[in-house]
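Peer 1: Throw the hints in and build the complete structure from the sequences for me.
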Amino acid sequence: MIYVVNTITQKVVEQGNDMITAAGIDTESFGLICVLDEDGRAHAIWQYSKELQNGEIFIDLLDDLGGDYEVELDYATKDFGIELSATQKSIFNEIEPKLGILRRIWYVTDQLEKIADTI
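With our numbering, letter number 105 in the sequence shown gets 105, and the count goes up by one each step, no holes.
Among the hints, a few may not be true.
Claimed, not checked - Just the calculated beta-carbon pair ranges, DEER-fashion:
| id | residue 1 | residue 2 | range |
| --- | --- | --- | --- |
| 1 | Asp18 | Leu112 | 15 to 23 angstroms |
| 2 | Leu52 | Arg104 | 18 to 26 angstroms |
| 3 | Ile8 | Ser29 | 22 to 30 angstroms |
| 4 | Ile119 | Gln15 | 18 to 26 angstroms |
| 5 | Phe58 | Asp37 | 34 to 42 angstroms |
| 6 | Glu113 | Leu52 | 34 to 42 angstroms |
| 7 | Asp79 | Ala23 | 14 to 22 angstroms |
As the list claims (entries may be wrong) - With a straight-line cut-off of 30 angstroms between C-alpha atoms, the simulated DSS-like cross-links for lysine-lysine are:
| id | residue 1 | residue 2 |
| --- | --- | --- |
| 8 | Lys98 | Lys114 |
| 9 | Lys114 | Lys11 |
| 10 | Lys11 | Lys89 |
| 11 | Lys89 | Lys114 |
| 12 | Lys89 | Lys78 |
| 13 | Lys114 | Lys50 |
Worth flagging that the hints you see were computed from the coordinates, not collected in a lab.
Beta carbons: idealized from backbone N, C-alpha and C, even for Gly.
Peer 2: Right, dumping it as structure tokens:
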């Protein structure tokens, strides 16, 4: 199962980044990255840039990993903490539901493992 979910996660990340690039947006300023956790499971994470008060550009990640890959199951455009363009919102709203499903798969997998440990 890990292989299938990882493959789909990578394809969704590629699809999102292709849409972002096609819209003329640099994927470092708004895009997706794919990271593997210690169990080899792929997680898609939104990345975006924001300007700090001193004028420097900071690349931030829309996640709540806390080192444990404990993610929010659903994100909204307001979670970015910056104003997204209409194009960015449109891409986010198309891709994010797919990522939410993938997050739920890992969440359910974790819950099943916890149950298995108690029986």
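Peer 1: Against the structure shown, which of the earlier numbered hints fail to hold, in ascending order?
Peer 2: 1, 2, 4, 5, 11, 13
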